[in-house]
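Number of protein chains: 6
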Amino acid sequence: MSRPKPIEYADAAPQVRAVFDDIKLSRKVDDVNNFWKYLANDPTLLKRTWESVKDAMAEGALSPLVKELLYVAVSVTNGCEYCIASHTASARKAGMTDTMFGELMAVVGMANETNRLASGYRVAIDQAFG
Amino acid sequence: MSRPKPIEYADAAPQVRAVFDDIKLSRKVDDVNNFWKYLANDPTLLKRTWESVKDAMAEGALSPLVKELLYVAVSVTNGCEYCIASHTASARKAGMTDTMFGELMAVVGMANETNRLASGYRVAIDQAFG
Amino acid sequence: MSRPKPIEYADAAPQVRAVFDDIKLSRKVDDVNNFWKYLANDPTLLKRTWESVKDAMAEGALSPLVKELLYVAVSVTNGCEYCIASHTASARKAGMTDTMFGELMAVVGMANETNRLASGYRVAIDQAFG
Amino acid sequence: MSRPKPIEYADAAPQVRAVFDDIKLSRKVDDVNNFWKYLANDPTLLKRTWESVKDAMAEGALSPLVKELLYVAVSVTNGCEYCIASHTASARKAGMTDTMFGELMAVVGMANETNRLASGYRVAIDQAFG
Amino acid sequence: MSRPKPIEYADAAPQVRAVFDDIKLSRKVDDVNNFWKYLANDPTLLKRTWESVKDAMAEGALSPLVKELLYVAVSVTNGCEYCIASHTASARKAGMTDTMFGELMAVVGMANETNRLASGYRVAIDQAFG
Amino acid sequence: MSRPKPIEYADAAPQVRAVFDDIKLSRKVDDVNNFWKYLANDPTLLKRTWESVKDAMAEGALSPLVKELLYVAVSVTNGCEYCIASHTASARKAGMTDTMFGELMAVVGMANETNRLASGYRVAIDQAFG
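Protein chains in written order, with our numbering: chain A, 1 to 130; chain B, 1 to 130; chain C, 1 to 130; chain D, 1 to 130; chain E, 1 to 130; chain F, 1 to 130.
Here chain A stands alone, though its shape is the one from the complex:
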């Protein structure tokens, strides 16, 4: 390859298909997102990443919606265009409303501002925060 190319289900090796099948089943979708089709170039990485994501994003003490909001917050902070697009979509699917999206952006913007104010003013850590 010169530029990595997505691998479609029809062209995929059996161990890649097994992961694709599990993604489709878990997410109740007809096809997997491009992200997984590119990772399929490295079947080991594909399998490990999917299993870790499935594990990390599952219902737990935090709901899948909250976890998707956190994913968007990280992706926006990193400026990762693909990740913002795909996880905003996932967050909507998990129940994010327009108002929630607006509040999410407000918090993420504010946190990025105050992070720099804290660094620039070289704020000493309060004793209470150990």
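Rather than coming from a laboratory, the hints here were simulated on the basis of the structure.
Treat the numbers as computed from the prediction; the structure is a model and nothing was measured.
One should not assume that every hint holds.
No distinction is drawn between identical chains; accordingly, a pair holds when it is met within one copy or between any pair of copies.
Listed below are the simulated SDA-like cross-link pairs for lysine to any residue, each with C-alpha atoms no more than 20 Å apart in a straight line [to be verified]:
hint, residue 1, residue 2
1, Lys-54, Ala-89
2, Lys-5, Ala-58
3, Lys-93, Arg-3
4, Lys-93, Pro-14
5, Lys-93, Ile-125
6, Lys-47, Thr-99
7, Lys-24, Gln-127
8, Lys-5, Gln-15
9, Lys-24, Ala-94
10, Lys-93, Tyr-9
11, Lys-93, Phe-129
Using the hints, position chains B, C, D, E and F against chain A.
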């Protein structure tokens, strides 16, 4: 000043004290965090930042707890030591348990990993994400 | 200029042409990449950057291939689209195989994840690391 | 916990000890680094992270030394203090000499500079890079 | 909305129009930039952001030109494509020449390089810097 | 070395001393900052970095003060502790007042906030910005 220094209540100008008083009242604390004492070097910035933070972090479609988790997610992604320390503390106050903290870290770590995989593989944005 | 524009060899001043010639000679290419054509808007910056890059990327204790892999690792971590595209191409030219690219991505992804886990858990530096 | 605390072997649950034992065996060390002791607060995250790291850092098309150099490159780009300290130590153990470290820093510095020049000049992607 | 959409003046609610009017008046422009049209999805965020930006970017001890240069420096460091495009334009409007742009890029590139050298070499803070 | 160590003038090789002498002369200081003492571990990198910094920071279309403010803006955005400390000191030496510092922080904070809002709302680039 050569290095910015925190301004204590006793030494603060009236318009700084007014902000400190509002922070103490809103958060039901006896003293404000160091962050605010450093910003007090610039009373206009102090006032604007506090009002924006109060606005952004208020109960809304997202709970104060979820908003604090988002704040930690951004601060960890930026590697801002003071911000991680202070907002981990705020998140605990707002109800974050040890299990929630563990899940938060797992999502933030995973999001930072997959952000780079998406960029490195130069994943094309799925049509569905428009 | 309103938006910076690339400067082609035919339109370039002599001191820019001299740098372009050296790039073409060193890299055995017929034309320089866009990156250099944009930097040509500032001939001093062009010259200094090319000389520093040539110096830093030369065969040394680390091979040119390893250095290109490092360049990709930094560019992916920063999410710099142009840099990912151009240095993935350079790395391939220097001998990077598909398998190497897969392992590179795996390490870069993992490092970005564990960097955040270390920050978020506020891990104390081991005495052995001084 | 208010601040996350490291968990020592003596105080660890059986599934944490199993991971610690595997780290010690794989790395031929008497004790694990602080990083793992903090992750032990979340045994699932600990196990998954260790297995992923072991997998990603193993001998492959790229040597363990090259992989450690990549890890340092990412950590320096992110400014993660703990990660720079621990992976500089790992890289030395894997064979990094002083000269290699110097070249590594030179490439990482240069890549971070040219990443910004490419972004700031808004360089169009060369057709050849697809 | 699935993807956030810009809100045009004709379709805007009265409190959004009031902000748009103030932007047009302050900046002496016929229409506001896309940035403001997207923020209009959240009228509170729109108002607060505009007031903060107007406040922060006003003539003060630093001139509006210097402030725009600083904005570009931050945007380039973050790799924010929209922000680089819009604030390069604002900086030109405020008086940035081609030579100034070249020097700006040179400083931003150099600062990003030396930031990593300082982190990678783990430089101890000089006593004089407190 | 296990951890990089600063190299003092008394222990430095002639080509390192030559650079140190030029720094002391140019900056009218009795001793160089720690940054240069660490880079002295790699005399080639030391020389190239000093010459590039001297070149980039010289009086030009932008004043040395403006260039130092830009350096601080980048360093704060990257969260580089050493760089914030050393370049805040340089900026003061070049004439930065307390009020200028406050305005600098306000702009840097605001730019980091609006960068994320632009990314998160996926703002389309205005036609005028090309």
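Query raised in the report: Which of the numbered hints above does this structure break?
Result: 2, 4 and 10
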